[in-house]
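Using the sequences provided together with the hints, build the complete structure.
Start counting the sequence shown at 1; every next residue gets the next number (full-length UniProt numbering).
Watch out, some of these pointers could steer you wrong.
Here are the in silico distance ranges between beta carbons for each label pair [unchecked claim]: (1) K3 x A50: 29 to 37 Å; (2) D708 x P31: 47 to 55 Å; (3) D520 x G592: 45 to 53 Å; (4) Q17 x E514: 17 to 25 Å; (5) A549 x R643: 31 to 39 Å; (6) E73 x S517: 23 to 31 Å; (7) G210 x R557: 17 to 25 Å; (8) A209 x K615: 25 to 33 Å.
No lab work stands behind these hints: they were computed from the structure. A quick note: this is a predicted structure, and the numbers were derived from the prediction, not measured. We treat Cβ as the ideally placed atom computed from N, Cα and C, and that holds for glycine.
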Amino acid sequence: MTKRYTSTHWGIYEVLQASEGPRLAPFFADPDPSPIGLGMLEASHELRVARPSVRRSVLEAGLGAHPERRGNEPFVEVDWDTGLDLAASALREVIRRGGNEAVFGGSYGWSSAGRFHHAQSQVHRFLNSIGGYVRHVDSYSLGAARVVMPHIVAGMDELMAQHTSWDVLRAHTRLFITFGGVPRKNAQVNPGGAAEHRVRAGLAAMAEAGTRFVNISPVASDLDTGREFTWLPVRPNTDTALMLGMAHTLATENLHDRSFLERYCAGYAHFERYLLGADDGQPKHADWAAGICGVPAATIRQLARDAAAARTMLNISWSLQRSDHGEQPFWMLVTLAAMLGQIGLPGGGFGVGYGASNLMGMDHPRFSGPTLPQGQNAVRAFIPVARLADMLENPGGAFTYNGSTHRYPAIELIYWAGGNPFHHHQDLQRLAAAWRRVPHVIVNEPFWTPTARMADIVFPATTTLEREDIGFATRERYMIAMHPVQPPHAEARDDYAIFTGLAERLGAGAAFTEGRSVRDWLRHLYDDCRPRAARVGVELPEFDSFFAAGIFDIGERARPVVMLEDFRRDPAAHPLRTPSGRIEIHSERVAGFGYADCPGHPVWLAPEEWLGSAKAERYPLHMLSDQPHTKLHSQYDHARLSRENRIHGREPILMHPADAAARGIGEHDLVRVHNARGSTLAAAVLSERIARGVVKLSTGAWYDPGPDGLEKHGNPNALTLDRGASSLSQGCIAQTCLVDVERWTGQAPPVTAFDMPDIVARNTSR
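This is the structure we're talking about:
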């Protein structure tokens, strides 16, 4: 029998048939498989939405009734026709009254590695087929970087797909300086699926070849090379100041590459005036930087000299731009790399996220794979993704974004498919209050997540394991024909079937489906990408052969990958897409926007909350909220792997022993983490591998608020700050967050995040 496979964002898995039923095993070609997917089959039977479910007030009092009760009243299961009729009526009435600009299409794109059953594409295609919707742009992960980097050098997608490959780093990089580490746990994932997890082996091979590693981070454990490395504990949100101190040393000791700056860059002279203090009287030397970032001045100077003396790769974690003024560290990293003059050379230059996903450092042939067309959106209104609560609270209010001023639309209906805003968003008490202002919320969801519980109508969606699809990811080696592993749970339907039923009720069935079944669409999308693959030398077999085989090996790379190699070889023939065609250390365009919080070149701007601010007197600990190692965002938080990581049923919070001792906290004590925005319960884990004054509480715990506002489960977004990174990007700043921690001495409230919601019988007496 032909072996079958399934693809997830955290890896490809083999489907094995056993007497007790199917089970999943690691992919034969994966050198470092993620354990996350191994438990998804078991977890796929738990906490499922079994049938279309409607909030009781909506059935008893009509559409839009009592939105303030969301999350606090029972659901009633209904048949599919009833559920679809109600949802179609809500959409029809909202569009009639307020137009399509009153509909917000929410999704976050990580629900499926399959390219057809990609919930974000499905919901957007459906809403476009009925006239459009208000969309979001950018991402919580990369809100600031996605906006600023095209002004400086290139878009993030382009940069991520051309990162210098691991074999080149091993052969040429002698010094690897990383701001925020290379967190292998984050590189478990790749949009579209990870086939060969290479970060562990890549780092180990570099260390064995003699590469020296320097990790500039509040946490030592976000880098693992298999050998010793230099750890420089830095105050969170101050990396820009440290980089400026290094740049000052390069400039004043004549270690910067002036020929590179003149040929390949624009605006260095303007930046240098700021660097040397010509305008503000404050040179950004290492002593100045040390007072801000906490790294000794002598260390900063020597690190700059070492970087100039060796083939050096500068890397930055995505977490650094998830902060107040998050554009600045990314802009400054590129500037520092330009001063070293090694951009475009093998093993030198910069990386914007080695370790952020499996994509960076991969070297297989690159082409655009199967992609479901989403149609044309007739609505122009949009929001930066992290400004969701602002939009719901302030309809008609103005916001700036990337040089323009826009207004928040008045949203009357949210349709969410794929994702969990009650995980991703900040200041969740605020979001919950704003969410309850909207008259209608419809959600497609396999599980009773916090978002499903906060809906009016919930449609039971299938999981990846219950449908057929095509798994494909940029630069990965294998394309996967995904066959169902198990039948759909109860009455669950895939998003395509759900949206087909709604589109037909709204007169858009033909526009949405184009007359194609799921298998027809898979064939169409596959055949559509075959010519693109052929242009890079990849000959995909015909569809039936591929789908029967279950897997196709795209093949080895043609040559090593070196980021911006063509640009360096001939900047006239291969210009960047910036206004000058060069690296813009000073951007006239950004300067022209007139934003005081994001001027035309990289600068140090103090965050609203940091350990050097007056607010630290009240809340003296800086909380980092990184990605979890046991799940992707909040997906499968109810699975065994995630639950076994809990202590007393709560997420662990990492603390320095001295900070814990000062508060009378011991190992595994239950603690209350709090600030003016909220509080949550977590369990203390003590380690000297985190800087003093810093705590780390990973994201992903399903939001579980109690009646008194205490979040019971360890969700850091009960505490994080919900405002934009700057007037330029409006990106998420979850990493800018001061808290305090105290030992919990009372009776611990039970965790109820994994309890099924109340589902009651329909009242038929009315």
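Cross-check of the supplied hints:
1. K3 x A50: 29 to 37 Å: Given about 32 Å between the Cβ atoms, the range holds.
2. D708 x P31: 47 to 55 Å: holds (48 Å)
3. D520 x G592: 45 to 53 Å: Roughly 49 Å apart at Cβ, these two residues keep to the hinted range, so it holds.
4. Q17 x E514: 17 to 25 Å: violated (35 Å)
5. A549 x R643: 31 to 39 Å: holds (37 Å)
6. E73 x S517: 23 to 31 Å: violated (38 Å)
7. G210 x R557: 17 to 25 Å: Because 24 Å falls inside the window, the suggested range holds.
8. A209 x K615: 25 to 33 Å: violated (45 Å)
Going through the hint list in order, the structure does not satisfy hints 4, 6 and 8.
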